[in-house]
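J.: Sequence:
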Amino acid sequence: MEELYRTVKEQVKPIEAVVEGEIPTWLNGSLLRNGPAMYEVGPEAYKHWFDGLGMLQNFKLENGKVTYCSRYLRSQAFVLAEQRRGIAYAEFGTPLPPDPCKNIFARFFSYFSPPERTDNCSISVVSMNGQTYASSDSPFLIGFDPSSLQALSEYNIRNDFPGPVRMFSMTPHPHEDEEGNIYNVAVSLKKGTRYNITQVPPRPQTPQDEGRAHHPLQDVKIVSTFVPKNRLCYYHSFAMTPNYFVFIENPFVVDVWALLTMKIRGRSFHECMKWDRGQPSRFYVIERITGKVVAQFKTENFFSFHHVNAYESESDIIMDVCCYPDARIVHQYYLHHLRTRGEHEVSKGFPDAALRRYRLPIRPSESRRTWQTLPRFSDGRDYKVLYYGVELPQINYRFANGKPYRFMYGVGPHKHGDFLNQLIKVDVLGKEAKTWYQPDCYPSEPVFVAAPGAEAEDEGVIISSVVGVRGKKSFLLVLDGRTFREIARATVQCPMAHSLHGMFRPRSPALLGLCREAWA
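Each residue of the sequence shown is one higher than the one before, counting from 0 in numbering that gives the first Met the number 0.
Heads up, some of the hints might be wrong.
Computed Cβ-Cβ distance ranges for the label pairs, DEER-style [what the hints assert, rightly or not]: (1) V11 with K189: 40 to 46 Å; (2) T260 with R484: 52 to 58 Å; (3) I288 with T24: 39 to 45 Å.
No lab work stands behind these hints, which were simulated from the structure alone.
If you're wondering where the values come from, they're calculated on a predicted model, not measured in any experiment.
Ideal Cβ positions, reconstructed from N, Cα and C, are used throughout, including at glycine.
The whole structure should be built from the sequences, with the hints applied where relevant.
T.: As structure tokens, then:
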């Protein structure tokens, strides 16, 4: 496991990968990946997987050939760390070390200034109105050239959001509707904690836009604002159907006072959070046309990073989520846990995510102020388990998001005790699964790319970047979307980072839109 979490050198100049098998000739574009890749700066080291400085990767596919390049994201967190030869910002699990360049008095008074947010956008890649950005759970977006991976511009929604509202953070997993509107959830703190659903309208591209950067929040507006029942919680994604948004409030909560005093206490962001085991998990159902909360539900508490899909069925919302029994998974991602365990040892205290299905009945006559309980299934629980051991979920987004669907794709353990070392295709109707596994190989989230003119939901390919350990080479993997069998791989002749999220960017701009087939 240690090999997965070593600092990796960037490969700025594209190199050609060695292709085995046959990559479909229609698969032309770039698989863009993002994730932590630098875990030490000078004598100082980051502590958590989510803390490492972000690296962008580009697998360019063209006419059956593949080239690979990578580049560290030139965020302020990266640039200042390189200049100082030390950590420049507090990260999720790493507190900011004292600045040796400041005298004792300057250091003392700096403890009382508000903590600066890191712009280390090392989680995902998103496309908005034709431009590509690195993103995270922070208020920052960093635009970059999808070919060279060079950073172009940086935006801070905390300062740049129009109007009097200042946003503290937003998710790295926005949604797009059929008209091209992009939605996200952001939190504001000025007048108490508020969750805000934002909408960015589509911006028609013109010849004059070529090479020009536009603000990613141009013409943004808030379409819904609601107050949490509990304290500010950690959230990473949300769900959207044709008529509703669904937001889950898990009891993994932030102590705002601890957050404001984290510098003087030498705390990380994670150390300002706690699992409030006495609180339930809550579902907020927001009507898209009015922005009003029309239903609220509570259930036995659980923790989640990722929604899979949600759709409407008569007067119910069916919602699939990858769930953990609590937030211990976040603690297990500290690097000392990940590095000291072998491939088959991680699950000692390392929980598997379960793919759960919840049913949310929408009854307009019932008061939206009432916290309702969820209906129970035949086994007495208020959820169904569709599959055990799957994370980083993907679907055929354009075909299935917000609609009844059949297939989801993810990563999971090959057997109990393994660490996310196989790719999985789950039939959510038949509760059956197909898998791809190879020893000493760790795949990234599977990205579904539909074939041209596809009519079936799984007609296309799955692509995944696979990191090899113990002497195995790393490679880009291509699977048949239907059979889940390997049809090609492109082996990379250089070290490759283990990434978190990304997207497939087709070569033709007309096919881009959001290209959410590849968003995690």
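J.: Under the constraints set out in the numbered hints, which ones does this structure not fulfil?
T.: none
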